[in-house]
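Trainee: As a plain string of letters, each chain reads:
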Amino acid sequence: MNTVANNLSAGLFTATELTRKKLLTQKIVGIIFGLMVLLILIPLILLVGNLVIKAWPSLTWDFLTDVPKSGMRAGGIWPAFIGTFYLVVFSLLASAPIGILAGIYLNEYAGNNWFTRVVNLAVVNLAGVPSIVHSLFGVGAFVIFAGLGKSVLAASLTIAIMTLPVIIVATKEALSAVPMSFRVACWNVGASKWQTIRTIVLPNSISGILTGVILEVCRAAGETAPIMFTGAVFFKHVQRGDLFPYHPGEQCMALSYHLHTISTQVPGVPEPMLYATAVVLLGFVLVFNSFAVVLRVYMRNRKKW
Amino acid sequence: MIVGLIYVCGVSAIIFVFSIFYFVWREGAPFLYDCFDFKSFFTSPEWYPTSVGNKRYGILALLAGTGSVTIVAMLIAVPFSLGTAIFIAEFCGKKTKEGLKIVIELLAAIPSVVWGFIGLMVMNPIIVKLTGAAIGLNALNAGIIVGLMSVPIIVSIAEDSIRAVPDGYIEAAEALGATRWQTVYKVILPAAKNGLLAAILLGVGRAVGETMAVLMATGHSINVPFSAEFPYFHALDSVRTLTATIAAELGEAPRLDAGPGGIFPPEGRHYQVLFVIGIVLFAITFFINITADLIVKGIRNKQ
Amino acid sequence: MVNKNRIEIRNLTVRYGKKTAVQDVSLDIPTNSIFTIIGPANSGKTTLLKSINRTLELETGISVSGDISIDGKNTRKEFNVYELRRSIGMVFPLPVGLPLSIYDNVAYAPRMAGTRNKQTLDVIVEKCLRQAALWDEVKDRLQNLGTMLSGGQQQRLTIARALSHSPEILCLDEFSIAIDPVTTMRIEDVLVQLKKEMTIILVTNLVQQARRLGDMTCFMNKGQVVQVDTTEKMFSDNPGNQLTYDYVRGVFG
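Protein sequences, first through last, are from chains H, C and U.
Each residue of the first sequence is one higher than the last, beginning at 901 in the working numbering.
Each residue of the second sequence is one higher than the last, beginning at 561 in the working numbering.
Each residue of the third sequence is one higher than the last, beginning at 31 in the working numbering.
If we strip away everything but chain H, and leave its shape as in the complex, we get:
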C-alpha cells in the first residue's frame, strides 16, 4: 500500500525511494564487476609492457638470426626459432587434415546418438589431458613403440595429437554456422552428401576452419612439455640463418624449450636475453592469434547470407 501511495504522490513514472535504491545497487554492482575486469587487465598490460622494456636492449634482428654463443650466454636464438617453425609445420601437416575431417564427421555425418556423444566426450578429454601426459604418450608411442626415437617427427606428432581438439572444435563450429536449409536444397536437386559439403558447406566455412588452424599454430609454437622428451634438444649446431638445418629424423631446438632451459638451467645468461627470448615467443603467438581475430571480424563482415 505504501509503495502505491508513494507512486501516486510522486506522480507516475517518477522514481520512488525503492527504485532509486535499486538503481544505485545496480550501478554499484556494475562498477564492482568492471573493476574486477580491470584488476585482471591492468596487471596484464603492465606485465607485457615490463617484459618488452626489459627485453628491449636485446631485441635486434641479429638476435633473431644469430646462433647461440658462449654456452647460450651470447648470440641469438636462430636454431630454436627455426626449430619451432619445423615443429609447427610438421604438426600442422598431421593435425589439420585429421582435425578437419573429424570436424566434418561430427557435424555432418554423425547421428544424434550415444556413439556421437562418446566421440565428443573423447574430444573434450583429449583437450583436457595434461600436456605432460601427452609427453609420456609421445615417449611410449612414437619414440619407443614406433621407433622414431627422439626426433622432430616424434615431437610434431605428439603436438599434433595434443592440439587436435582445437581444430576439431573450430571446424565443427564453422560448419554448424552454415544453415541447414542450404544442405537440404542441395540434396533435393540430387547432390550427394559429400558433393554438398564440398561445394556449399566447406567454401562457406573455410575462414572459420582457418581460424582453428591458426589457433593450432599458436598452441603448437608455445607448447614445451610435450616436446621435452620427444624431440627437443638443449643445443644443436646450426649455421646462422640456415633455413633447413634439421632432418625430420633428428632432434631439434625449440623456442619454448630454449626459454625454459636458459632461464632455469644455464646460470649467468644476461637478463635482456632471457626477456627477449620470452618476448619473441610471446610475440609470435600473439601476432598469429591476432590473425585469427582479424580473420573472424573480416568473415563476419562479408557474410553471404
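Treat the hints as calculated values from the structure; they're not laboratory data.
Examples of chain H residues toward chain C, derived with CB under 8 angstroms:
(1) G934
(2) V937
(3) I940
(4) I1004
(5) I1032
(6) V1033
(7) T1124
Result set (DSBU-like, lysine-lysine): computed pairs, CA atoms no more than 30 angstroms apart in a straight line:
(8) C/K661 - H/K1204
(9) C/K753 - H/K922
(10) C/K689 - H/K954
(11) H/K927 - C/K661
Just so you know, even glycine gets a beta-carbon here, dropped at the ideal spot from N, CA and C.
Position chains C and U against the provided structure of chain H, taking the given hints into account.
Mentor: Coordinates of chains C and U only, in the frame set by chain H:
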C-alpha cells in the same frame, strides 16, 4: 573414398584417448605389477626414487603440492572469472564485450612456459618484497600464475552457460521490474548454476594438469604445505607437483629392459613410476572432464 | 493415355520416434496434371513430399513403411537415390538461394550431375530462369549472389533450380508463404504452363489456391487422407464428406 576417410578421422579422437592410456600404461605397467603398494604410494610423503639403498615412492607430498597450487589458483580464478563472465554477459556494451573476449582469447594464447618465466623473473622478487618470504618461488607464486591461466577457460564456459539461460526467464524478471543485478542474482545465477560448476571443474582440471608454469614457479622442493595447527596452509612453502616431477625427472630416469627371468633392474623403476604418476594424472583429469560433461549435458536435457 | 498414373503411393506410414506423421496413405497421382494437397498444419503433407524424393531418410529417428512407385518402379527399393531426386523438383516454403551466384545456383544441379559444357549450362540456366519468370529481372546480373535477391525473387530462383535438372515431377510445398500476392499469381501462371510437361504436386494451405490450380485435390488431416477427388467435386456444395465440406469453407483448420 573420402567419406570413408571422414569416418576414420571422426572416430580418431576415441582411438587417441585410448592409445594415450594404453601407451602410458604400457610403460608404467612393470612397476604396477612388481612393486606397487597402493597404500604407501598414496599416503607416504617420502619420494626418494633415486636413493641407492632405500628407494621409496610415496606421492603424497606431490599430491599435496598439486593440491596447494590448485587451491590458490582457484581462490584467485573463480571469483575473477565468474565476475568477468557476468560482466561480459550482462553488464557491458557490445563493443566492450567484443574487446574483452579478444583479450581473454589472447590471455589463453600465452604459452605456459612464458607464464613460468613470468613467475620466475617477475613474480618472484615481488613476492619476496611483499611477504618477506625467503624465496618467492612457492605455492602462492605458482597459484597466482596458474589462476591467471585458468581464467580464460572458466570465463568462456561460464559465459556460455549464462547465455544459455532462456531469454524468457530474463524478460519475465525484467518485466516484473527487477534491475539487472537482481535478475543476475535471483534468476540467471541459479539457472546457470550447473554450467558455472562445470566451468570451475574444468578450471581445476587445467590447474592440475599445468606443467611448465608450475615447474618454473613452485620452487620445486618436496613439501607438504599443510599442517594440523593454525594457519593450516602455508602458501609460502615451496612445493612440487605431480606434473613438474615428471617433467623434471624423466630426462634423468633411464628406461631399462627386463633382465633374465623378466626381472627389471631397480634403476629402471624410476622411469616406470613416473609413468604411473602419468596414469594418476590421466585418471584425475579424465574423471574431472567426464563429470563436467555430465553436469553440462544434465542441464541441456532438463531444458 | 491421358489419365495414366505417374505416382502410386501404397500404405505409406511414417513415424518420427513414437509420433506418427503419415498413417497408411495410399494415393494415385495422374500424369500431366496439378495434384493439390490441402489440410491443416501437422497433417503430414510435407512429410509426404519428403518421402517421395527420399530426403526424409537424411533425418534421424524416422521409420518408413509402405511403397511409392514412379512409373511403376518402386522408389523405395531399386532407384539410384540421386537419380530419383534429380527426377523430382522440390520447392519448400522458405526460399533458399544458395550462397552462389544466380547463374551457379541454377547450374548447380546439372554440374553435380556431371554436365561441364559451358554452352549446355548457359542454355539450361536461361531456360529455367525464363520458366520461373525471373529471367528478365536478373539477366544482366547473373554473377550477383543469389542470396542477395529479394524474397520473392529467391523463391523463383528456387523454382528455377528445381527445374534445372529437368525433372518429370515438380513438388511445391506452400511456396507462396514468403512472397507477395503478385508474385504468387505469376508463379501460378508458370505452373499452369509447366503442367503440359510434367506432373505437379502442390501442397498448399490456401484453399483458394488449390481451387484455382488443382485438377485433383486431396484433403489430409492428422496424417490420414480424408478424401481425394476432382477439385470440382471437392469444392462443390456436396463433396460427400462433412470434414472436407467444413475445411474448404473455413469452419475448421
